[in-house]
Amino acid sequence: MKTGAIAIAALLSLTSLAHADEPENFIKYRQSMMTAIGGHNGAASQILRGKVAPPGHLAMHANALRDLASDLAALFPEGSDFGETKAKAEIWSDWSGFEKAAGDSKTATAAFAEAVAGGDAGNIEAAFKQVGETCKGCHKTYREKDD
Amino acid sequence: MLRWPALVLLAAVSVAQATDGEYLLNAAGCVACHTAEGGRPLAGGRAFVTPYGTFYSPNITPDRETGIGTWSRAQFVAALKHGTSPDGVAYFPVFPYTSYRLMSDQDAGAIHDHLQSLEPYQQQNREHDLAWWLGRWMMKLWQWWNLDPLVPMPVTKDPMINRGRYLVDALGHCGECHTPRNWSGVMVRQSHYLAGSKQGPDGDAVPNITTDRSNGIGKWDADDLQYFLETGALPNGDYAGGLMTDVIDNSTSKLTAADRKAMAAYLKTVPAVATP
Numbered sequence: 075m076k077t078g079a080i081a082i083a084a085l086l087s088l089t090s091l092a093h094a095d096e097p098e099n100f101i102k103y104r105q106s107m108m109t110a111i112g113g114h115n116g117a118a119s120q121i122l123r124g125k126v127a128p129p130g131h132l133a134m135h136a137n138a139l140r141d142l143a144s145d146l147a148a149l150f151p152e153g154s155d156f157g158e159t160k161a162k163a164e165i166w167s168d169w170s171g172f173e174k175a176a177g178d179s180k181t182a183t184a185a186f187a188e189a190v191a192g193g194d195a196g197n198i199e200a201a202f203k204q205v206g207e208t209c210k211g212c213h214k215t216y217r218e219k220d221d
Numbered sequence: 034m035l036r037w038p039a040l041v042l043l044a045a046v047s048v049a050q051a052t053d054g055e056y057l058l059n060a061a062g063c064v065a066c067h068t069a070e071g072g073r074p075l076a077g078g079r080a081f082v083t084p085y086g087t088f089y090s091p092n093i094t095p096d097r098e099t100g101i102g103t104w105s106r107a108q109f110v111a112a113l114k115h116g117t118s119p120d121g122v123a124y125f126p127v128f129p130y131t132s133y134r135l136m137s138d139q140d141a142g143a144i145h146d147h148l149q150s151l152e153p154y155q156q157q158n159r160e161h162d163l164a165w166w167l168g169r170w171m172m173k174l175w176q177w178w179n180l181d182p183l184v185p186m187p188v189t190k191d192p193m194i195n196r197g198r199y200l201v202d203a204l205g206h207c208g209e210c211h212t213p214r215n216w217s218g219v220m221v222r223q224s225h226y227l228a229g230s231k232q233g234p235d236g237d238a239v240p241n242i243t244t245d246r247s248n249g250i251g252k253w254d255a256d257d258l259q260y261f262l263e264t265g266a267l268p269n270g271d272y273a274g275g276l277m278t279d280v281i282d283n284s285t286s287k288l289t290a291a292d293r294k295a296m297a298a299y300l301k302t303v304p305a306v307a308t309p
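Going down the list, the protein sequences come from chains A and B. Just so we're aligned, residue 75 is where the first sequence starts under the working numbering, counting upward by one. Just so we're aligned, residue 34 is where the second sequence starts under the working numbering, counting upward by one.
There's no promise every hint is true.
[Claimed, not checked] Taking lysine-lysine and the PhoX-like style, the derived pairs with C-alpha atoms no more than 25 Å apart in a straight line are: (1) B:K287 / A:K214; (2) B:K252 / A:K125; (3) A:K214 / B:K190; (4) A:K219 / B:K231; (5) A:K219 / B:K114; (6) A:K214 / A:K160; (7) B:K231 / A:K210; (8) A:K125 / A:K203; (9) A:K180 / A:K102; (10) A:K160 / A:K102; (11) A:K125 / B:K301; (12) B:K231 / A:K160; (13) A:K203 / B:K287; (14) B:K294 / A:K203; (15) B:K287 / A:K125; (16) A:K210 / B:K114; (17) B:K173 / A:K210; (18) B:K231 / A:K162; (19) B:K190 / A:K210; (20) B:K231 / A:K125; (21) A:K102 / A:K210; (22) A:K162 / A:K102; (23) B:K287 / A:K219; (24) A:K102 / A:K214.
No wet-lab data here; the hints were simulated from the structure.
Based on the provided sequences and hints, a complete structural model is requested.
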């Protein structure tokens with residue numbers, strides 16, 4: 075009885091997994107991911123600008139940014155450009171350039187997390203600036219403007 | 034009326050501090066407009082696609098044939114502040130002399146001196162591709178109707194606010210994009226100063242930057258604004274895009290922290306107006 079239920083549950087989750095891979099579904103998902111990245115980025119800037127100083131939080135945001143930005147290219151499967159998205163077609167026509175932009179952000183966020191762990195204020199500030207440059211750089215080329 | 038000369042003097046002393054031409058060139062955002070994509074800085078050729086046709090910025094390096102190498106200081110100041118060329122022709126207001134006319138002669142002259150000190154670069158100007166009904170001669174009439182008289186900028190008791198206003202209005206020409214225009218392309222400064230525009234220079238909307246709390250940036254504090262002008266980061270952790278990237282990269286990020294602070298302080302005093 076029990077094994078039967080598990081088998082059915084497994085089957086059900088398999089079918090939902092099959093749906094989960096549809097590229098359009100990535101649009102909402104990556105927008106949520108980007109919103110989360112923006113949230114941690116904004117929060118980190120509040121701390122670095124000296125507006126608040128909750129103990130331990132800077133490392134939390136830096137680590138989250140590092141983890142969230144570790145594979146941004148995977149959020150853009152081919153075909154996920156239909157619907158409510160600002161992803162530009164250039165992402166797929168210039169995939170290697172896009173992968174590089176994603177890689178730059180991975181490197182910069184990892185360096186930021188490392189700088190925060192190291193604790194040197196100058197390094198932290200420089201590394202955070204670099205993170206911002208990679209966000210802006212990718213958005214400039216691969217994201218539609220606001221309307 | 035009698036108080037004007039005193040006000041002019043005050044404005045000239047307290048507001049136009051920097052005489053470094055390169056700094057002023059950055060503050061006034063000349064480089065982005067006068068540089069084609071991937072082209073030689075200041076040699077012109079950037080295209081502006083508008084409902085009035087496609088305009089191309091000219092070469093403002095000191096090349097004597099294709100640039101402004103033969104211009105005098107006075108001719109340059111007249112171009113920047115009155116929209117008039119050395120041979121008396123009126124410029125189209127894509128060149129934002131409607132804002133630059135608020136600049137002091139001293140600052141306009143310093144920009145001239147700086148440009149003349151650069152390496153000349155030969156590059157022929159490209160003719161504008163105007164809408165069929167538009168002719169340059171009409172600009173004289175347009176200027177006659179629409180160009181504000183040269184009145185001094187309002188001055189407050191706070192020198193920082195005055196400096197901020199000068200940076201925002203005269204040099205930064207923020208209103209050229211952020212203030213809506215009427216049917217004849219004139220900024221509606223009286224009623225909708227900085228209240229946002231449905232159609233900016235590239236056809237996209239430009240946001241309201243008055244202190245209106247729901248439409249504008251009333252919820253930003255001065256520090257958020259200052260940080261934005263330095264980095265382009267919005268309070269929500271995202272970054273501005275579109276034409277504002279040029280403004281930040283080529284202009285506001287290159288200013289001193291004190292000047293960004295003055296701009297932010299001034300913007301916080303702009304009355305709230307809902308987006309038209």
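Results of checking the hints against the structure:
no.	hint	result
1	B:K287 / A:K214	19 Å, holds
2	B:K252 / A:K125	16 Å, holds
3	A:K214 / B:K190	41 Å, violated
4	A:K219 / B:K231	14 Å, holds
5	A:K219 / B:K114	32 Å, violated
6	A:K214 / A:K160	12 Å, holds
7	B:K231 / A:K210	24 Å, holds
8	A:K125 / A:K203	17 Å, holds
9	A:K180 / A:K102	21 Å, holds
10	A:K160 / A:K102	11 Å, holds
11	A:K125 / B:K301	19 Å, holds
12	B:K231 / A:K160	19 Å, holds
13	A:K203 / B:K287	15 Å, holds
14	B:K294 / A:K203	19 Å, holds
15	B:K287 / A:K125	24 Å, holds
16	A:K210 / B:K114	34 Å, violated
17	B:K173 / A:K210	41 Å, violated
18	B:K231 / A:K162	22 Å, holds
19	B:K190 / A:K210	38 Å, violated
20	B:K231 / A:K125	34 Å, violated
21	A:K102 / A:K210	21 Å, holds
22	A:K162 / A:K102	15 Å, holds
23	B:K287 / A:K219	24 Å, holds
24	A:K102 / A:K214	20 Å, holds
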